[in-house]
Amino acid sequence: MSNITMSKAGAKIAMTLVMFAIFAVMVGVASTYPPGARFMPYVVGIPGLVMCAIQLFLDIRDLRANARDDDDDGKSEMERAAEEVARVTGRKMDFSEAEGATAVVVEESKEGRGRREAIVWASFLGLIGGILLFGFWIAVPLFIGGFLRFYAGRTWRFSLLLTAAATAVYYGAFVLGLKVVLHEGFVIEAIKDHFGWY
Amino acid sequence: MMDTMFSSLFTLLTTGHLMMLMCIGVFIGIIVGITPGIGGRLSIALAIPFVFGMDMIAGAVLLLTMHAVNGTSGQISSIMFGVPGDGDDAATTIDGYPMAKKGEAGRALGASMTASGVGGIIGAIVFAVMIPVLEPVVLAFSPAEFFLLALLGITFIAVLAGGKNFLKGIIVGFYGMILATVGADPATGTTRYAGDFLFLWDGLSLVTAVLALFAVPEMISLAVKGGSIANVGDSKVRFSYRDIFSGVLEVPRNWWLALRTSIIGACIGMIPGLGGSAAAWICYGHAVQTSKTPEMFGKGAVQGVIAPETASNAKEGGSLLPTLFFGIPGSSGMAVLMGAFLILGIQPGPTLIQNNMNLVWTLIWALVVGNVIAVSFLLFVARWVSVLTFVKGNLIVPFILTMTVFGSFINEGQWENLVILVVLSAVGYGLLRFGWPRAPFVIGLVLGHIAEESLNKAMSLWGMSFFTRPLSLVLIGLIVLTIGYAIYKNRKPTNIPSETALYE
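Top to bottom, those sequences are chains X and Z. Each residue of the first sequence is one higher than the one before, starting from 1 at the first, in the working numbering. Each residue of the second sequence is one higher than the one before, starting from 1001 at the first, in the working numbering.
No lab work stands behind these hints, which were simulated from the structure alone. Don't take every hint at face value.
Said to hold, decoys possible - Dumping the calculated BS3-like pairs for lysine-lysine here, alpha-carbon to alpha-carbon at most 30 Å: (1) K1164(Z) <-> K1457(Z); (2) K92(X) <-> K1101(Z); (3) K1225(Z) <-> K1102(Z); (4) K179(X) <-> K192(X); (5) K1292(Z) <-> K92(X); (6) K1299(Z) <-> K92(X); (7) K1392(Z) <-> K92(X); (8) K92(X) <-> K1164(Z); (9) K1489(Z) <-> K92(X).
Claimed, not checked - Stretches of chain X that chain Z covers, calculated by requiring three or more beta carbons in the stretch to come under 8 Å of a beta carbon on chain Z: (10) 29 to 36; (11) 142 to 150.
From the three backbone atoms N, C-alpha and C, an ideal C-beta is built for every residue, glycine too.
Full structure from sequences and hints, please.
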């Protein structure tokens, strides 16, 4: 079994374990509640635990059997579609005309996927952290501009233009339109408190 | 009934803000349908914060119109560039794209859009016709049966969305249900899993949870995958309004096929678990079987465009039926839509029939009018909106992510929801990354409260004998049959991909 298959299967088992842990913790915490309050968490949580255990068994069995999860049989999508329609209608179908699109789907390479994943997650966490500390009107434009410029690789001009447009739309929609009071950020609030700006 | 039926139509057409919301819904639905990376479910999830606090009818009309016209624009890229927007459009590609290659893109687009609109309208009519038939069945359910209905809903959607991973689907559904218990227990008043966090005493924010499970993981995944649909240009993908009009006329020319496939599509929509791609493929097969020239299919037969398009849009009307009357969503998109309906205060089941038929009829008319607006609009702008197909995924991500964050915050105005958003997004991303279906989570979360209330009520009224009541036995039987069917289906090899595979 290749290392890639092993790590993929291992990650799948890890996800099942996460779900098992969530149910276990929730059932465990529920056991401290009075009978009426713990009834529903038990009704849902205990079967949830049992199903996670079964899933775990299935994952381990798949790992041992070196099962592949995708249905990659080397056939194109159109060949599989032709087979399916042929099965239903009893006629031999040929969908080769629909192959070879004028538009081509350009996929980015699978290499460096982990790095890209980490960057996107860090950006998202940065957005949330930025909002909590500095508020929406600082964090959101910074996130949009930064993402477009550094991750999507757009020019400064394009990124700034789109950021300004998006910020204006958000301001118009949420502040002027929906009259929402947005979070100002703990740092900004502290500064305002300190200097007595309200 | 006739009074309610026509007064709803009159109110819909004469109320300015409802018509405006419907036009907005149509516009957003079309944009979402054609832009790669934003599915119908995601658009509903993103729209939930904006309908929060809206009048029940207005919010429902906006969301349903958005959802219903989504598929109408999805076929543009299938026909013009051979790139299906989602699973529903794959069948349209088989004849639509060869037509475009032969220089008949306009005819194919005219036929597919009109067929889609006709399908949507007939689907709504089928729904309307079924109301008097199903009314006594729905009214036979007491609120106490809702617990089993919720379990049935989770089982159905888990089988639909999970395919061979249906057990994972059920686990995710139960995960949603257990999260629904966060907050004050309705019977004893004990706060569960909330600790000292006051904001959790009312339970988890549904909007935040739905956004965390759907919007954030999909956007992060889109950003990580990157990629785009690149236009390499083709002189054959040019057409005039005359070509489009000739395609429009193909639908009345093939009216008998359009009618049959619409009805089949609507009926398939009523069966939770079959989904839109099944409707499209089954009707494509039906068109081949009943055609006098089956050898033309796959080479640019206009009937091969009409059949899947009528079916996939007609199924929306059909799938609204189990969603509204039984609380069992007919598709994963309907699962998110049902969550949104519950947030708006629309309670599926007998109470809807008894007290809110006005709303039901308004929704039926919204499907009809929304489809008419969408088709009329698309026939004129199809050639221009098709450029949206080439929008690079990375350009959409920052805007959708920030919209998600705004949405999570504004519905309750609490910053703590942003922290919850991050935590649940991590779980949601794990589910997406490792092929766990996420649609059952919404059902579990939105029906969790009702299910708990219903179970408490049933247990206090009948004790354990609740499970031996005839209707309960029927529901338990259906749950067992669904699981049995899923196991049987998984042992038998099939080529039809699950919705997880199609969407994720």
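Taking the hints in turn, this is what the structure says about them:
1. With a C-alpha separation of about 35 Å, the suggested pairing of K1164(Z) with K1457(Z) is violated against the 30 Å cut-off.
2. Proximity of K92(X) to K1101(Z) is assessed by CA-CA distance (about 22 Å); at most 30 Å being required, the pair is judged to hold.
3. A distance of roughly 33 Å separates the Cα atoms of K1225(Z) and K1102(Z); the hinted pair therefore is violated under the 30 Å criterion.
4. Only pairs whose Cα atoms come within 30 Å are accepted, and K179(X) paired with K192(X) is accepted, the gap being roughly 22 Å.
5. Straight-line distance between C-alpha atoms of K1292(Z) and K92(X) comes to about 15 Å, which keeps the hinted pair within the 30 Å bound.
6. Our distance criterion of 30 Å between C-alpha atoms is met by K1299(Z) and K92(X), whose separation comes to about 13 Å.
7. Between the alpha carbons of K1392(Z) and K92(X) the distance comes to roughly 38 Å, so the proposed pair goes past 30 Å and is violated.
8. Among the hinted pairs, K92(X) with K1164(Z) is consistent with the structure: their alpha-carbon atoms are about 28 Å apart, no more than 30 Å.
9. A threshold of 30 Å between alpha carbons decides the hint, and for K1489(Z) with K92(X) the separation of about 24 Å falls inside it, so the pair holds.
10. Counting residues of the stretch 29 to 36 of chain X whose C-beta lies closer than 8 Å to any C-beta of chain Z gives 5; at least three are required, and the coverage claim holds.
11. Check on the stretch 142 to 150 of chain X: 4 of its residues sit with their Cβ under 8 Å from a Cβ of chain Z, so the three-residue criterion for coverage holds.
Violated hints, in rising order: 1, 3 and 7; the structure is consistent with all others.
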